[in-house]
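**Q** All chains should be modelled from the sequences, with the hints used to inform the complete structure.
full-length UniProt numbering numbers the first residue of the sequence shown as 1 and each following residue consecutively.
Rather than coming from a laboratory, the hints here were simulated on the basis of the structure. Since the structure is predicted, the reported quantities are computational estimates derived from the model, not experimental observations. Think of the CB as a built atom: it goes at the ideal place given N, C-alpha and C, for glycine as much as any other residue. Misleading hints may appear alongside valid ones.
Said to hold, decoys possible - Here are the simulated distance ranges between beta carbons:
| no. | residue 1 | residue 2 | range |
| --- | --- | --- | --- |
| 1 | Gln898 | Ser739 | 42 to 52 Å |
| 2 | Glu441 | Ser739 | 55 to 65 Å |
| 3 | Asp94 | Glu255 | 19 to 29 Å |
| 4 | Asp1069 | Pro1014 | 23 to 33 Å |
| 5 | Lys1030 | Glu441 | 48 to 58 Å |
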Amino acid sequence: MDGPAFVLADALTKLQEDDLDIEDEVLVDAQDAQTQLAAVTRVVDAVAHSCTAVQDAATFTYAQSCIKYVGHLEPDTAHRLLDAILSGFSGLLDELADTDATATSALAEPLERYAFLLQWLIQLLEKHRDTFARPKTSARGARTDGAWSWAASLPTVLGVLAKALRTVSERLWSSAAMRDTFVSRCILRPVMLLQENEAYLKVAPVKLGLFKVTCLAVKLHGQAFNVQTSIMQSLQYYEHLAEPMAELLSVLRVEFDVARLGEDVLRELAAKSFTGLDSKSPRSYGRFLVRMAELNPHSVLKQISLLQKHQDSESYPMRNAMIEVQGLLIKSLALHPDLGATDVPADGDDDTPAHRKQIDAFFERLLERFLDVTTFVRTRAVQVCNGLCDLPAAFPAQRLRMTELAVQALEDKSSHVRRHAILLLVKLILTHPYGALYGGELSMDAWSERHAAVQSRLEQAEAVLTRPLTDEEGTAEADVSQSDLAPPAMSSADQEQLVQLRLTHTYCTDALKFMTCLERGVPILVQLLASTNKAEVLASMEFFRVAYEYKIHGAIDGVRAMIHLIWTKDHALVMDDGSQLKGVRSRLIEVYRALYFEPQAGAPPAENTARIARNMIERTFGATLAELTSLEQLLSVMHGEGLVDRAVIDTLWDVYATTRPIARAQRRGAIMVLSMLAKADRGIVADHIDTLLRIGLGPFGAKDLLLAQHTCIALQRVSGSAKKVKGALSDSNVRYPMSHPMFARLRAVVIMPGEATGCDAAWFGVAEHAIEAIYLLGEQPDALCTELVRHSTLHAFSGGPHAAYSLAQALFVVGHVALKQIVYLELVERECKRRKAQKEAGTDGKPASELDQVAEQAEDDLGELFGFIRDRELLYGPQSLLALYGPLVTHLCSTMRQQSYAPLRRAAALTLCKFMCISSEYCEANLGLLLHLLRASEDEVVRANAVIGLGDVAVCFGTLVDENSERLYAGLGDPDLGVKKNTLMVLTHLILNGMIKVKGQLGELAKCLEDEEPRVSDLAKLFFSELAMKENAVYNNLPDIISHLSSGAHAVDEATFVNTMRFIFTFIDKERQAENVIEKLCQRFRLTSEERQWRDIAYCLSLLPYRSERSIKKLLDGLPYYQDKLYVPDVHQRFSEILAKMHQGKAGALAKTGETDLRELEDVLAQAAEPRAEPHEEEAQPEVQLDAQEADAEAQLETQPEVKVEVKPERRRTRRRAAA
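**A** Right, here's the structure in full:
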C-alpha cells in the first residue's frame, strides 16, 4: 500500500472546484472500447482480490480515471465499474462490522476512498443519465436487449449507502468533523442530488431508499441540521419535492421516532414571509404544509400558532395552503379528539373540551376566507368546507354559517366560486343532520308545524316553573347538563322530559334556519341556470334535483326553469382536473327521468306506468307557452331515444278518451303530451284519429274549447314534422281527401256561433289551429276555407245579439285564411315546379345546358305568375272573397276609437297586419294606418299585435318599413310590458338579421338594459351580446349611444347611464377600437359645455383599458381638451382612476410612453384638486376676453404651438356659445 495520504475533505473540495489532479492519470476518453474495458477490468480484479486494494495508488488512479471519463464508457463497462465500487465498498463494510472496535481506525482511509469514488461516480452517472438510460442499438441497427440502465441500479446504490450509515461509527475518526464530512458530503449529498430528479421519486424502491438513507443520517449521525437545510432549499427551488419532503419527515417520525426535525422545519417555514410577487416557492411550501397536515397533523398542530401568520400572507398560494391545513386539522381533531392540546385552561364554568375549542377556532378562520380578495382562495375555502361535510360530527352552528356564506357566494363575480358554492349547498343538503327524528325531508311547512308543536309542549312543561323560559335558554347548546336546565324540585322523569323538549326545540329551530338559508338561494340559482359557464349550469341542475327530492320550498321553480336547457348544444366538457362533464342536454334528460319518468324499484309495472303518465300530465299544469315548447322538445327527444315506454302512451290515451268525469286539466294535459310525443312519431296520433274526433272535436271539445284547440294541434302532427330542405320541391306531408270526417269536425269548430261558445275568447285559438290543420292535412284546403269564409260572412252580417262577436269571428277567419293561403300557394308553386322538372327530366335529344335554361325560364314564369296572384288577385281580384274585406278592415281600423267591443278591435287590427303581409300594394296603402295604431291605440293588445305585424311586414317588404323604422322604436317606451317586450324582440330579430338598418336608434335599445322588468333587461343584454358578434357593430354605434343617453330629450339619469355604459363597454375589447374611442371621447370635451356631459365622458374614458402605448398616448394628447374640466370633482375622480390604471401597467406600455407626459397629467390633476375661488366667474371670464382678443390669439397660434392646443378648443366653445 503506497501513495500519498488521502484526505477526504481536501479531495472533495478540489473536486467541487474542478481542481482535482489525478497522479499518473489515464486518458480513458482517448482509448477504444476494448482498452477502456481492460482498464475497468483491472480495477474490478483488484477490488475482487482485496477490498482494501483501493489504497493501492495504481488501482486508485485507474478507478479515478475511469470515473472521470465515465461518460465515454460503454453502458456495460460503466456498469462493471459501478459494481466494482459497490462490491468493494460493501465488502469493506462487512469487514468493518467483523473487526474489533479497537482496530477499526485502520479501515477509515479505504472507507473514505470508496465513499469518495462512489459519490463522484453517482454525480457523473446522474449527469450522463440520458446516455445510460436509452437502449443501445447494434451496428446493424437492431435493438440490444438487456442493456444496462443507471436508474435500475439505484436501489442497489442506495442500499450500500444505507449499509454504510448503519455500519460506520464515530470511533472510526479522530474528530467529529471528519465523520460529518464522510456522512454529509459523501452520503447525503448524492442522495439530495438524486432527489432532484422527479422521475426517481415515482419509483417506489428508489423513493424509499432515498428516505431510508436520509433518516439513518439523522437518526445515527446527527445530520438533522444538514437535512433541515437541504429540505428548505429543496422546497424553495424544486416544486416536485414538496410532497416527498413531507413524506420523508413522516417516515422519520413513524419508523425512526424522530419528530423534532419536522417541527424544526415547520418553525423555520413559519418564520418566512412571502410577497404577492412570489409565485414558485409559496406554492411549493404550501403543498408541503398540506401534505404534512395529512401525514403528521400532531406536529402541525403544535406549530399552528406560528404558522397562523401565513393565513394573511400576501401570497395567495400560502393562504390556500393554510385553508387546506385548517381543514385537515379539523378533520383530524374530529376523528381523533385526543390529538388536541390537553393543557388548554378552562374559562370559568366553560367545560368545553380543548379539541372542540380548537375546532371552533379553525372553523372561524376558515370561514373568514369566504371573503378573501383572491378568487382561488375563496374557491379553495368552499372546497375545503365541502370536504368537511362528510365528517360524522354534525357541527350544527358551523353548518348554518357555511350555508349562509355559500348562499352569499352564489353572487360572487367568479364562476369558479359560484360553482363550488352550489356544490357545497348540495353536499350540505345530502349530509344535513336533521333527519334523525323526522326523516330527511326539508319541507318548510312540515318543519314549521313540528316547531310550533314542540314549542307549545315546551311552554306547557315550563308553566310549572317559577321563571319563564328565556330566548337564550330556548336556544341552549346540546351539551347543557340537566341540572342547569331544570330545578331540583322536579322529578327525574320531568327533568328528562324538559331537557328533551328543549333540545328538540333547538333542533327544530336550527333546521328551520337551515331551510330558510337554502330558500334564499333558490332565486339566484334559477338565474344561474342561464349562465354561460357550462359547469355552473350542471351544478345548478344537480342542486335542484337534490332540492326537489328533499322537498325544499322553491325547488320546483328551478326544475321548471331548467327545462329550457333542452335547446342547448350537447357536448362534453373536460375540466381542469381532467374530469369530463356530460352535456347539459343529456344531463337535463337524466334529471327529468330521475324525478318524473323513471320506474320506482319494487313497484308493480302498472303502478309505475300510471305514475309516469301522471307526472307527464302534471308538467303541463300552469306551464307558460315557453315551458310547453321546451317540454315538447324534451319529450320528443326522449321518445326519439326510446326512453318513453309504449304502456305510458297507452295510459295517456286512456286518460284522454275516458268518459268518466275527470278534471279538464287532466284531459287537456294528456292530449298535449301526446301531441308532443307525436312530434317524433306521427303514428302516435295517426292511429287514433277517430278518438281525437270523438273526444276533442266532439261533445267534450264543445264544452272545453282549450281541449278542442289542443286536439287540433295534435291533428296537425298527423301530417308529419319532417324538416323542409331549402330549395327542395317535394312535399312529404301526409294529406287526406276532403271527404274525410275530420274536415267536417274542423268545419264545425270554426263556424261555431257565439251562442255556442258563449262569446269566449278561447274560440280564436281553436279557429286558428283548426284552419292550420285544414291547410296541413287537406288535399284541397282552399275549397273548404272558401266555404268557411262565406258562412262566416253570412253569419256576421245577419244581425243578432252577438253581431259584434260574429263580425270579429269573420274577420279573424278571413285574416288567417288569407295568411295560410299564401303558404298554400307556395306549396302549389313548388309542386308545379316539381312536376315540370320531372316532365323535362324525361326529355331526350337536347343538351343538358339547354334543358337547364328552359327549366330556369319555366321557374321564372311560374314565379311571376304566383307573385301576381299574391300581390293582385287575393286582395284586389274581382272574384276574390278576400277583396271584399280589404276596405272593411281599413275602415274598422281607421275608426278604432268608435269600436267599443275589444275583440272586434283586436281582430280588425290583426287582420290588417295579415293582409299587409300578402300584398305590397295594400301594405303601402295602409302602412301609415298601422303606424298610427301602434302610436295612438288605447288597447295594449292592438299595440302589441301592431308591433309584431310591423316585424312581419319588414320581412315581406323590407324597403317600406325601413323608411319608417324610427317609428318602430317608439314601442320601447310603451307603458305596457307586453308591447315593450314584443317591440324589443321584433327589433332584435330585424336588426340582427339585417332586415332594417340602424340609424342611431340603438340608444333606445340601450335604455332597456336598465329596465325594471328583468325579462326586458335580459332580452336587451342578449341583443347586445349577439350584436357584438357582428364585426364592429357596437363600436360603430357607440358615439350615437353615448350622445343619446347623455344629452337631449332622451337623456337618462346618471346612475342609469353609468350602469348602461359599464355593460356596453365590455364589448370594446380590441386595442385599436379602444384607441379610437379614447381619441373621439377626448375631442367631445371641447364640443360640450355642460358638466353632466363632462362627467359622462370622463366615466366612459375610465371604462377603457390602457394596456397599449398608443392608448395612453391618445389620452395624453387630448389633455388640452379636458384640462379645464378637471376642477369638477367627478371628472377629477375618473381621471385619477385612469391614472391608477396606467400605473398598474407601468412595466409595459406606460414605461414606453415616458414618464414626462405622465408627470404632466399628474401635475394637472394635482393642480385641479386645489380649491378654486369662484369657479363660475373664472369660467365666464375667458369668453369675453377671447372675443376681444381674437385677432391677437390668431397671431399667437403661429408662433406658439403650445398655446394653439389650449386656445383653439376654448375659442370654438366660445363661438358656439355666441352663436347660440
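**Q** Each hint should be assessed against the structure and marked as holding or not.
**A** Now the hints, each set against the structure:
Under the hint 42 to 52 Å, the C-beta atoms of Gln898 and Ser739, about 45 Å apart, fit the expected range. In this structure, Glu441 and Ser739 meet the distance hint of 55 to 65 Å, their C-beta atoms being roughly 59 Å apart. In this structure, Asp94 and Glu255 meet the distance hint of 19 to 29 Å, their C-beta atoms being roughly 24 Å apart. Restraint check, Asp1069 to Pro1014: a C-beta distance of roughly 26 Å satisfies the suggested window 23 to 33 Å.
The supplied range of 48 to 58 Å is met by Lys1030 and Glu441, whose beta-carbon atoms lie about 51 Å from each other.
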